[in-house]
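There are 2 protein chains.
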Amino acid sequence: MLVDMGKQARLAFRILSQATTVQKNKALSSLAERLETQVEPILTANAQDVAEGQKFGLTPALLDRLTLNPARLHGIASELRQTISLPDPVGEKFEETTLPNGLQLYKQRVPLGVIGVIYEARPNVTVDVASLALKSGNAVILRGGSETIQTNRALVGLIHSVLADEGLPPEAVQFIDSPDRSLVLELLKLHQYVDIIIPRGGASLHQFCRENSQIPVITGGTGICHIFVDESADLEAALPLIRNAKIQRPSVCNSLDTLLIHSVIAAGFLPRVVEYLAKDGVSFRADPASLDSLKALNPAVRGLVTPAGPEDFDTEWMSLVLGLKVVKDLDEAIAHTNEHSLGHSDSILSADAGNADRWVNEIDSAAVYVNASTRFTDGNQFGLGAEVAISTQRLHARGPMALRELTTYKWVGVGHYHIRQ
Amino acid sequence: MLVDMGKQARLAFRILSQATTVQKNKALSSLAERLETQVEPILTANAQDVAEGQKFGLTPALLDRLTLNPARLHGIASELRQTISLPDPVGEKFEETTLPNGLQLYKQRVPLGVIGVIYEARPNVTVDVASLALKSGNAVILRGGSETIQTNRALVGLIHSVLADEGLPPEAVQFIDSPDRSLVLELLKLHQYVDIIIPRGGASLHQFCRENSQIPVITGGTGICHIFVDESADLEAALPLIRNAKIQRPSVCNSLDTLLIHSVIAAGFLPRVVEYLAKDGVSFRADPASLDSLKALNPAVRGLVTPAGPEDFDTEWMSLVLGLKVVKDLDEAIAHTNEHSLGHSDSILSADAGNADRWVNEIDSAAVYVNASTRFTDGNQFGLGAEVAISTQRLHARGPMALRELTTYKWVGVGHYHIRQ
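Residue numbers (the working numbering), protein chains in the order written: chain R, 1 to 421; chain H, 422 to 842.
Just so you know, these hints were derived from the structure itself, not from any lab.
Glycine included, every Cβ here is placed at the ideal spot set by N, Cα and C.
Just so you know, nobody snuck in bad clues.
Straight-line C-alpha distance at most 25 Å; calculated PhoX-like pairs for lysine-lysine:
id: 1; chain 1: H; residue 1: K716; chain 2: H; residue 2: K749
id: 2; chain 1: R; residue 1: K107; chain 2: H; residue 2: K514
id: 3; chain 1: H; residue 1: K610; chain 2: H; residue 2: K428
id: 4; chain 1: R; residue 1: K107; chain 2: R; residue 2: K93
id: 5; chain 1: R; residue 1: K93; chain 2: R; residue 2: K26
id: 6; chain 1: R; residue 1: K295; chain 2: R; residue 2: K279
id: 7; chain 1: R; residue 1: K93; chain 2: H; residue 2: K514
id: 8; chain 1: H; residue 1: K514; chain 2: H; residue 2: K528
id: 9; chain 1: R; residue 1: K295; chain 2: R; residue 2: K328
id: 10; chain 1: H; residue 1: K528; chain 2: R; residue 2: K93
id: 11; chain 1: H; residue 1: K528; chain 2: R; residue 2: K107
id: 12; chain 1: H; residue 1: K610; chain 2: R; residue 2: K189
id: 13; chain 1: R; residue 1: K189; chain 2: R; residue 2: K7
id: 14; chain 1: H; residue 1: K700; chain 2: H; residue 2: K716
id: 15; chain 1: H; residue 1: K514; chain 2: H; residue 2: K447
Between beta-carbon pairs, the in silico distance windows are:
id: 16; chain 1: H; residue 1: N522; chain 2: R; residue 2: G201; range: 23 to 33 Å
id: 17; chain 1: R; residue 1: H160; chain 2: H; residue 2: K700; range: 55 to 65 Å
id: 18; chain 1: R; residue 1: D180; chain 2: H; residue 2: T480; range: 47 to 57 Å
id: 19; chain 1: R; residue 1: V3; chain 2: H; residue 2: D586; range: 54 to 64 Å
id: 20; chain 1: H; residue 1: G523; chain 2: R; residue 2: S319; range: 22 to 32 Å
Just chain R, with the same shape it has in the complex (with noise of 0.2 Å):
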């Protein structure tokens, strides 16, 4: 069965890979105003959804992600013109060159072909995912959870008749409409038609496709992320920039994790770290080092800090918990988070050039920062628009994947009957 379905997605997306740029973007623009008109459908769907959620026991938070109104239809349609206003990016000609035997060679940009989503619960997830593989010039093959099947096949069903009436295939967009946990086993084994995998969710999701699959696949969306406090740091502003990696949203891949600090500040700096956070509700966990400077706190404040297990430094918390450790120096701070990151995002706090310029060098993570909060490694923060996935593996994209890493090149080189000799 799904044989059937890449086949037709990979024939789609030989028309798509041909379209141009304004019919794209109006098939967008009128996927985005029926999102915004055609509500009915897709609200009573979401509805059966989300009963059957409560039936099922799922918790207040779950079927709050999976709910669908009027209001969140309309973020989904905005989003959606974004999408639009960014530039196309196939196409592009780029490293253009000749070659001393006057053969004409360039790389030009074009879509990666068949994309494979697997997603969970959120369904606004169905329309960013289609739109940005639309934008690109792709077709993509969509496995989303069983909680919101109605939901998202009602989506698909206004995609495809958007794409239908604008003269695109609908077949561009596939819809893996059933729970049957076999079928993303057969989707992953599917290379002949789908070019790359593209997982969205927990961890136990990323580690089944890299198992199973025979399609590259991107892994990412987990981070330890760290930031290190050097001796030569501004404190002062050190403070709400360690608050906003950890509290504004503790529960994405680029909060803060875990906070080094140079052994030498430690003393004065990590009680305040303490005292400033604890007001937000953050608990910590210190190695002994941060427990010993952490000693005169005020009871009250001190019961918030628990000594870090043998796991704590290895934790994503997605929550408002931190781990806290005292590095001797530079050299420390990089080998522990060299060891202890998933590649994700970190930050070194620092007035020094030269510490500065190591951690950019050896730090080996998708995204490195000097001075800045780690929440910025986000496709709209980037300036990049909306984004399928962060990337924490190293082929193809590094962090966020936007339009742009939704495509490859082909080699094109025009010659004058050039043989080669």
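Take the given structure of chain R and dock chain H to it, following the hints.
Structure of chain H alone, referenced to chain R:
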């Protein structure tokens, strides 16, 4: 066992990724020199491999491929010196921008990491791959064929001694010194330490890697290459070009497999093609329309033409066989090529700019050509230097993978205690 190898390679990569171009080039120079002066241990080991190969009944062609002598070692050293002369891609800053909030953002080119290479007979691959990896700051885990294990051991020993003498970590070049096939499977699961798998060998090796790897695999190295001669082509110039693509080196992946001819010129041109290539020993598999246009050939030459079987247009010939097919127009030529090509190299011969544009835009291959031989798809021909592979998958790199394709990037954000709003 391989886990330790992976860990060591990862640590060595960290060190090598920080090495300067001067350091890396100095080590490669020293290696080139020793390949020419310390030949005895290598030739002794190679003689043992050759003797065992004879005992096991390897074909003369295979024995020739694995044989080294001072001239061949000199050749390997010369290629190495070419690699030294190429620019080091590591450290390049690109896509620099300052965001509206003042955060300075750029990408910095960094090595890919640890590269697993699985290859067959030829021992020169050991030096080629190791030197390209070292020049671009990567560590490698090498798994060569069992037929050359003693030669490879000697070559890797030489590389290790050079690295140690030059103050670079010998652990950056790991060598799986055992013919045990289960170790290949183990390598393919080492996703914590290995970033990319490059198989160099036949289709079955590529398939095995794709089916068993938990690490992204660069598949490639096979091609069913097409030339389409349209009705406007310069037929005089077409003949030597077709000959070049077919016979210059028929056993490689960028050689011509199928010639497509526009129906308007078939009757006049096809007999000339067959007569022209018959002198070089080419034989032909022709579709019914081609057969038709070849009826009047003199019998001696006509004997070289047999009707194409059902699989013939899906066969990479690797020999002096050429498929012939008449197509009614450009649409059919494009459709046939996209269906049967393996996405390697496909060329149109045409004086019509509109046809050439459509070919370039619609043919979905790593390299598309206008009025040029398919044989140009090659790192050296493209001016990139030696290649580690020719990719026919779509992620990360398509076509020749040389030094730059062995790198990725990190994002660098430099702020003044920037926090996300």
